[in-house]
Amino acid sequence: MKKLINSPETVVTEALEGVAAAHPSLSVDVENKVITRAGGPRPGKVGLVSGGGSGHEPLHGGFVGYGMLDAACPGEVFTSPVPDQMLLATQAVNGGAGVLHVVKNYTGDVLNFQMAAEMAGDEGIEVIPVVINDDVAVQDSLYTAGRRGTGATVFVEKIAGALAEEGADLAAVAAVAREVNERSRSFGVALSSCVVPAAGKPTFELGEAEVELGIGIHGEPGRTRAALGPAREMAAVALDAISADMPVGGDLLVMVNGMGGTPLIELYLMFNEVRKYLEAHGGNVARNLVGNYITSLEMQGFSVTVCQLTETLTRLWDAPVDTPALRWGR
Amino acid sequence: MDAEVFRAWIVSAAGVIETNRDHLTQLDAAIGDADHGINLARGFTAVLGALHAAATPPATPGAILTMTGNTLISKVGGASGPLYGTAFRRAGKALGDAADVDLPALSAALDAALAGVQQLGAAREGDKTMVDALAAATRAFGKAIAEGASQDDALSVLAEAASAGAEATVSMQALKGRASYLGPRSVGHEDPGAVSTALILGALRDAAQAGR
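Chains as they are written, first to last, in the numbering used here: chain R, 5 to 334; chain V, 927 to 1138.
It cannot be assumed that every hint is accurate.
Below, a sample of chain R positions facing chain V; criterion: calculated Cβ distance under 10 Å [said to hold, decoys possible]:
| # | residue |
| --- | --- |
| 1 | Pro28 |
| 2 | Ser31 |
| 3 | Phe82 |
| 4 | Ser84 |
| 5 | Asp113 |
| 6 | Met119 |
| 7 | Val199 |
| 8 | Ala203 |
| 9 | Pro206 |
| 10 | Thr207 |
| 11 | Leu210 |
| 12 | Gly226 |
| 13 | Arg227 |
| 14 | Ala230 |
| 15 | Ala231 |
| 16 | Arg319 |
Distance ranges between label pairs, derived from CB positions [to be verified]:
| # | chain 1 | residue 1 | chain 2 | residue 2 | range |
| --- | --- | --- | --- | --- | --- |
| 17 | V | Glu1073 | R | Lys6 | 27 to 33 Å |
| 18 | V | Gly1114 | R | Asp255 | 42 to 48 Å |
| 19 | R | Ile9 | V | Glu1073 | 53 to 59 Å |
| 20 | V | Gly1114 | R | Ala284 | 36 to 42 Å |
None of these hints come from the bench; they were simulated from the model.
The structure displayed is predicted, hence computed values, not measured ones.
A virtual CB, placed ideally from N, CA and C, is assigned to each residue, including glycine.
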């Protein structure tokens, strides 16, 4: 697999240097691997911190800015960041009104954020974690590590970020974050694996006409393998799984997300299929995102995230945002 | 066993993890995200660096294990960082500032390590995790000591039980961690965390036996 890197060991550091150079609105601490908004914490504003393995760009660093995250902690590729980073990020965004941790539901993320929140608490910073677990491919049961945090993470960061920007308190920001998580469901399909730079080869192999159903975002194999069908069938597989778990009638926020290696022309085509399916099931796609938002290196594939909107959630989605990856209203 | 043995253990563990880096990564590709070997190798390299560069080198077995745990937490990330880090920290704490560690003290420290891992990760035996190696090992170790085994023999039992515990994970379905997303597809693969745990305990046996 061909990559544009210098060496596997320096991928994350060099990419962060590139992010720093490209975005003056961000303050990038390359050595400690923490990305914050330039200009320091906003006194009185709830700070939003998220983080996770690198390799999902633009998640999370690309969502740091006005109306969304205050800080992001990039770990090694597909590896949760460490408590030290999260503590630094939490301290950096502490405006005296507490800090929200947006934590994707993976064992590593949960454990590391937990340790960091304890450390922050010891220093008198109030932290509330909200765990995102929107993926319907995994059964949430005693027999698994629980549902994974995937596309809804983007929705949570935007909507909770907007409420925090309005000056709401930590409890309210955490409540809206939980609400978005509870009203969202996702499902992903891979047409190819991805290559972790340090591993040097694909994490799994798919045949010429095979897809992996119910994938996460780390190149981990999904629940089942199936034959690749036309786009409308692939959309139906994903949306059947989502609608079996949550009603998809009413006003919806829908993201058709590329896993990194699928061209935009195909994502728009998939969005068309998704839109038709949802409309046939009583849904109205009131707001949408189509593009690469939470990726898995160069994996070919897509994920769909559907969120049941309310008037308030719609208003917060529409609120101004100014980050490298999402920008409107300003 | 004194601080030199424990230092040798960590050096040996770092070596065996590095040697098995690709193997561990491959195991993790089958049922995870292909980074276990990479992450642990990076962590142990950092541990060696920390032990070497410390302004006041840790002078007791407990201090060595505590520094190991703290460094792993700060450098590894993922689930492995907190879990292995906590294991070493709890073991280090259990050893206190004793300059020499006998078998019962080591057994208590490993029991504390297991308790820490289970508290943090909530895994039980049979979930197909590092606990399957660590629990089998600590149990067999305790039994061997109670039956009056020599140090060499007890440590051999420890290492072999850990390996057997890791092998036993092959037929299990993962109920914890990333492998659990695969459900039944996780069966038939050895758990990478159980394997790395067995390697680390094997390194303890090697270091203790070499030092005598």
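Tested hints:
| no. | hint | result |
| --- | --- | --- |
| 1 | Pro28 | violated (28 Å) |
| 2 | Ser31 | violated (22 Å) |
| 3 | Phe82 | holds (5 Å) |
| 4 | Ser84 | holds (5 Å) |
| 5 | Asp113 | holds (9 Å) |
| 6 | Met119 | holds (6 Å) |
| 7 | Val199 | holds (9 Å) |
| 8 | Ala203 | holds (5 Å) |
| 9 | Pro206 | holds (8 Å) |
| 10 | Thr207 | holds (5 Å) |
| 11 | Leu210 | violated (13 Å) |
| 12 | Gly226 | holds (8 Å) |
| 13 | Arg227 | holds (6 Å) |
| 14 | Ala230 | violated (13 Å) |
| 15 | Ala231 | violated (17 Å) |
| 16 | Arg319 | violated (35 Å) |
| 17 | V:Glu1073 to R:Lys6: 27 to 33 Å | violated (58 Å) |
| 18 | V:Gly1114 to R:Asp255: 42 to 48 Å | holds (45 Å) |
| 19 | R:Ile9 to V:Glu1073: 53 to 59 Å | holds (54 Å) |
| 20 | V:Gly1114 to R:Ala284: 36 to 42 Å | holds (40 Å) |
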